[in-house]
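Enquirer: Hints are included, so try docking the two chains, each in its own frame, into the full complex.
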Amino acid sequence: MKITDDIVENHGLKKDEFIKIKSLLNREPNLLELGIFSAMWNEHCSYKSSRIHLKNLPTKGNQVIQGPGENAGVIDIGDDDAIVFKIESHNHPSYIEPYQGAATGVGGILRDVFTMGARPIALLNSIHFGSPDHHKTKSLLNGVVSGIGGYGNCIGIPTVGGETKFNSTYNENILVNAMAVGHVKKNKIFYSKARGLNKSVVYVGSKTGRDGIHGASMASAEFDERTEEKKPTVQVGDPFTEKLLLEACLELMKDDSVISIQDMGAAGLTSSSVEMASKGELGMELHLEKIPCREENMSPYEMMLSESQERMLIILEDKKEDQAKKIFEKWDLDFVVIGKTTNTKNLTLKYSNKLVGEIPIEALASNAPLYDRKWIKKKLPEKKINLKALKKVKIEDALFKILSSPNQSNKNWVTEQYDQSVMCDTVQKSGSDAAIIRIHNKNKAIAVTVDSSANYCKAHPSTGGKQIVCESWRNLISVGAKPVAITNCLNFGNPENPEIMGEFVECLEGITEACKFLSYPVVSGNVSLYNGTNKKNIYPTPVIGGVGLIRSADNKINHIIKNEKNIIILIGKTFGHLYQSVFFEEIYSINEGPPPEVNLTNEKNNGEAVLNLLDKNLISSAHDVSSGGLIIALAEMSLASNYGIKIDKPKNLTNLFEYFYGEDQGRYLLEIEKNNLTEVHKILRANNIFNEIVGVTQENYFELSGEFKVNINELYKTNNKWYHNY
Amino acid sequence: MNSSVIVFPGSNCDRDIADALEKHQFKNKMVWHKESELPKSDLIVIPGGFSYGDYLRSGAIAGKSNILKEVVKAADKGCLVLGICNGFQILVETGLLKGALLKNKNLKFLSKDVYVKVVNSKNKFCNKYKENQVLKFNIAHNEGNFFTNPTHLKILEDEGLIAFKYCDSKGNINKENNPNGSLNNIAGIFNENKNILGMMPHPERMVDQIISNHDGVPLFAGLLN
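So the protein lines, in turn, are chains A and B.
Under the numbering used here, the residue at position 542 of the first sequence is numbered 542, and the numbers go up by one with no gaps.
Under the numbering used here, the residue at position 216 of the second sequence is numbered 216, and the numbers go up by one with no gaps.
Worth flagging that the hints you see were computed from the coordinates, not collected in a lab.
No incorrect hints appear here.
According to the in silico footprint, chain A covers these stretches of chain B (three or more CB under 8 Å from chain A):
1) 45 to 59
2) 108 to 121
3) 194 to 206
4) 209 to 221
Derived DSSO-like pairs (lysine-lysine); straight-line CA-CA distance at most 27 Å:
5) A:Lys254 - B:Lys29
6) B:Lys29 - A:Lys330
7) B:Lys105 - A:Lys429
8) A:Lys136 - B:Lys105
9) B:Lys103 - A:Lys411
10) A:Lys388 - A:Lys649
11) B:Lys136 - A:Lys721
12) B:Lys34 - A:Lys330
13) B:Lys112 - A:Lys138
14) A:Lys721 - B:Lys112
15) B:Lys105 - A:Lys717
16) B:Lys27 - A:Lys254
17) A:Lys325 - B:Lys34
18) A:Lys721 - B:Lys105
19) A:Lys138 - B:Lys103
20) B:Lys64 - B:Lys194
21) B:Lys69 - A:Lys326
22) A:Lys429 - A:Lys165
23) B:Lys69 - A:Lys330
24) A:Lys330 - B:Lys73
Derived DEER-like restraints, expressed as beta-carbon distance ranges:
25) B:Val72 - A:Glu329: 22 to 32 Å
26) A:Lys392 - B:Ile210: 47 to 57 Å
27) B:His214 - A:Lys383: 47 to 57 Å
28) A:Lys573 - B:Lys136: 33 to 43 Å
29) B:Met1 - A:Asn187: 33 to 43 Å
30) A:Asn655 - B:Lys23: 55 to 65 Å
31) A:Val393 - B:Phe147: 44 to 54 Å
32) A:Glu673 - B:Ile210: 17 to 27 Å
33) A:Lys392 - B:Ala100: 56 to 66 Å
34) A:Gln323 - B:Glu35: 18 to 28 Å
35) B:Val72 - A:Asn443: 33 to 43 Å
36) B:Met1 - A:Glu329: 30 to 40 Å
37) B:Phe147 - A:Asp318: 51 to 61 Å
38) B:Glu35 - A:Glu699: 51 to 61 Å
Note that beta-carbon positions come from the ideal geometry of N, C-alpha and C, so glycine has one too.
Chain B with its partners taken away, still in its complex shape (with noise of 0.2 Å):
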């Protein structure tokens, strides 16, 4: 598998998610932001950071990049895309996955372990997961806070759009769960076609028992399939 990791000025986990893919035998590439051309990928990633220092708003400015209009043609074509943290506000900024990541309900930095919920395991992302199994992930981030209209909501409820949700150590899902104010504890989720995921939690930081544990392995060695 070939994977591309897109940095931009201010992404600060391009390295973590390089070594994570590495140790999944990705053969991984790193692609600065002001190429024009993406290497020959099956899996773009767009990790985590402050790209351009989260001015003018989280990922809006790498949302404009020139290599983004690239990764857009290739997820058009069903190339699989990855979308972690800031990625993740990145995707939604250049329209790739709808809805928008506000500021935290509690208004402050939020870094800490919490569990997560394997909502849909029908794709490519989540293929090793089993449904409804619980995970415990890392998450860091200012605007974590997934916000969509009604409409869309029902959508990604209804076809099994959203990929990973907030809840406690046994899997419940409630208010007191939810670390950031998102929607219906929303954490993670895919676009129509489920090639192009968005998550907050930090699935490159769960794959080295000394470090964490091993729940984030399950989603690199699924792509591999």
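Pulled out of the complex, with its shape left as it was, chain A reads as follows (with noise of 0.2 Å):
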């Protein structure tokens, strides 16, 4: 069959690509070859657009075990404990089929912690729907909801934390974030590295069918009116195989019979057959005849590129074979030896012995296509809003107006379609600033947030990438947990477009120097760009999860208030910074305007400090003042207990809108003991930090001196209708 241009161009290859294929190989490749060459070297796979700037994030740190480049990063929490974890987005499958796109989300971000040897205990998602008012957003959220939590609870993982956010930028392209974390003993981390020549490579999971063939090509490309004739290149999940799986591999595992492990995710069996081979510095070849099939008559072509789910390609030690088998067998679990490692550095692929394809792994590797491409510098935007110009409103009513927004709403409707509790070491649920999981059989705990923030990043990356780093680490530390590492899933409109590549570049340049700042490395991630649909782009949404350790699950902070009569304080300046805020959104439709600015320096003093106060047991309560501001986050305390808050009026601002819904960042609302207080000022006076006495809680109501007082019930109310109504 004569490779024609359509076909080179169906397959997403650009046509200098398709001659430096040709060039790589010395001829022309046959279509098998060129599919896989497709399947490598597109966006999704091969980071062409995105590499040469993600090797400027910082990656290394006392506690990194792994970072970026495996299946998914590992952190060390002492002792013989690891954490391994990651995020992926599956966006674009998620908008086409919500429920299965969501699902084999989590599916595969499961696997790829899992294929470490590291035994899954916490799930979270980040996900991102256009306008309520959009005709296609009810049946997405539903869909992406239950799809999340199909996979999740049946596996048996709890679903800890997450946000779940509208915006009309993602009308036509959703996002569907999902984070992996697990748990691993130190010295049982298995990778992907191929070594050894002649080592059994044995597929085992579930069968091969045609679902998801150029998955991983669909999704490097922008939607546009056919997207719905894409269906047939969303992968199907199944929950209880990969529940199988997951038990097969960890028994597997115990001894040492895996030389080297990967989960057959994105380009299914093409790239974890390469990534092996390619890391090892190896060949390999393989009997496509073996592959079990799921369909009659699948060609060579279909079973490379299949996207299948629940699948793992492992290179076993000598004699192993048949022990390994015994174990997938009892899981009723395809196990077959497909091939074998070889020393010629080729892709070696033949059917019934005749050879159909040979590709140099290299060509499909590291000389994948690299892109330096053109990018703009945005200017910070400037300040133009004359907020005394603006139509009047009453505090109380842009509170209750906030509150009761789908983006601030109380979110129980999705949460409670999540099984939280299975695995019985969930500390603290979702709802509170981060997560809480404690380490089986353990008294310590890790705490886990994701965090984004378009609107920010898209008025200006650079203080946007700083600033979402800066909130992960603030929600890590209003539960008490010492941050150690973040994963990063990097959502973007087409790089080709000099403006998206520019937000790309310096969310990027934001994170990395927010990063190092606070010592809070990267250890994994995943980049998904052309999230858009005919040329609209969606606005920049770098995700950040984040991870923490809490040395003892009994000092546990959140934000429900604990008594009356106690004091509030909040730790940070407050400047009423109102650009870019849910106030001047919610209130007046207004999104224009700079960010608020992220100072570093304060940033840490800051959290640094109120751990300190937790280590001292000083404090009762404690929340990170993020979207919203100050008095959002003072309602977000009451709304999650029995208690109201009489809260004073600011001594030196006088405008109350700045003040209480400004957006200024490096703020943490803390609940203290009256008679702790002396020593809680000594302590933050030592430290240079700045911090004023807000209110006072008390029973019932929430209140503003002189403004308004109002039922906390009240409050709930207004917080928990919308998502019931809708």
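Expert: Encoded structure:
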């Protein structure tokens, strides 16, 4: 079959890329080989637009065992324990088929974690939908939430946290990012690097079907009016099989029969075999007639490009096949030796002993295209709004409007569809600043959070990038955890557009700067580009997944007010920055101007001071002040508990709206018992931390002196109605 | 006390229940579904999860497994059997308990802490609870909406075969506090001899103060009597 220009284009390859393929092979590829190149060279697998920028991220640290480049990152949490975690996007498939797209997103990220030998202990997600008024939003929300729940609940791993947001920028391209966290003994971590010649290459798990063919290529292109036709490229998940695969793999990993192991994720058998061989600088020979198939007459092309789920590729030590096979048979899973490692450095594909394709591994991996795309720097937007000229609103009316808005409403409708308690180690469920998971049979715990701030990133990418890292750091500190490391999921539009590429580069610069300053390295991540439809790009939406360590689960803290007559203090300075705030957006539909400034020195000092107070048991509850500003954070504390707050008017800032709705960074609210106040002030003074008393807890009422007084039940009703009425 | 936890492909609360049993001094064994003999057991637990992926119907395939035949035999001889969540669904499928568990009334998976009231404490499972005691338990299921025919419902009510009913924090049993649509707010039932208990809430999730509360402890402690 002659490879025509049309065929090349249909494989998502550019003309010059095809020329490069021919020169690497010294001949024309056949269709199978072309398919394999397209699977490995697409944006999703090759990171061709992002690679040169990603290398600047700080990826090392005292506690980092494995940084980016493996199935997931690994951090040391003391003793012989390590935590494995990663976040990944499943945006494109979830828009085409929300239930399966989201479900397989969860399944894929779980395999990344247990491939490394870790038992998954928590799932989180960040999901972004279009405007609630958009005709597709309701069904996408329903489908995605049930898909995430359907997979996690069935496999029995608690879904403990996440964020659900709405913005018209995602009308035609939703975001579904899933994060998985696992626990492993430090000496039992498994990697994907192949080792040794003539070792058996084993296929385990589900059978291969025709689903998901070209999934990774689909995920590397913008949507258009033919999007619906892409449904067959979405994979179908089976959490039941994944549960069996999880248990079988962990059972096999108990001894030392596994040399290396890799999940068949995006680009299926192609990417798993190429990655393993490439890392080990080896070749691999596969006999495709041995692949367990779900459908009849599948061609080598289909087998190599299928993205059927719940499959793994394993390289085994000699003579371990029989023993390993028994384990997979016990769990009713396929186990077939399909090939061996070779010294040819080629991917050699045979079908019934006939050579059907042969490609140098390096041509697919390190020789993949690398682009230094043009990008434009974004100027800091000006502050043009005259606050006095805006229509007057009452402070409490604004509060009620924000608390009942889709983005600030209570998310129980979502989280109650997720089993948060299975495995019996969930110390703190979602709804707090971060979730807390105890290490099984130990007293220590980890805190986990996912965060994003697309509005800030759109307004000024480098500030936005810094801000999310700080927000993640604050959320962990607010539950008593010492932040350790992050994973990131970089969701952006079309990188061929210099403005979008600029958003990517500058967000990454911001992330890099903040991570370096806070010693908060990046250990894993994923890039999702081409998020958009017909040239309309989404807002830049990097999502940060943070993990922190809590030495003793007894020391956990949350934002639930513990008693009346306690003092609420605010750590950090309030300048009253309203641009890009929830207040401007919800009350005036204004979304212009710069995002709030991020001062990394203050951020670090304030965070460390809070941890210090926590260590000394001087804090009853803590809460990060983020979107919505001070009054929303205070209301959230009340909403989480049975207590109200009597809030004082500010002493030094005249405009109440700026003071209460400004989104200045680096701030925390702390509930302090009266008799601890002197000690707290002493420590804060010694460390030069700005703080002020903002109110006192009380029964029943949430009030601002001289302005309004409402029963907390009213507040609760306001905050809880949106999802149930939608 | 010797206990056995039956493990099916897709069980996922097996480790949780085993931990809870061991914490309460049970000598526990895990029993794989393909086995055809039960170890010596005073208590058999069928744990929660998604046995066989809930394919066909929750609990339907597990109900036909090898080991379940042995469980039925043991139950007939008076061995204590506890089915939690998917375990309850399996017990219903085997006929050890009557009735059916339909999809939740809102047709969605539901996971939250709910209140339940102890309806009958005169049995092996609930003897450490007080009658009408209100407990906070976690539920997590898709199909927990208990349904049965009017005759059976009357028998359940009249003969004290209801273990728990969903209620509010004060013990009021009403529609608002029925999370899944179960008839008469039923959360757990016994067989006639009260040696078998099936319940949707998860007592094994309520044995540790740091995680939740201690409301599940009396159930395990009571079984030791």
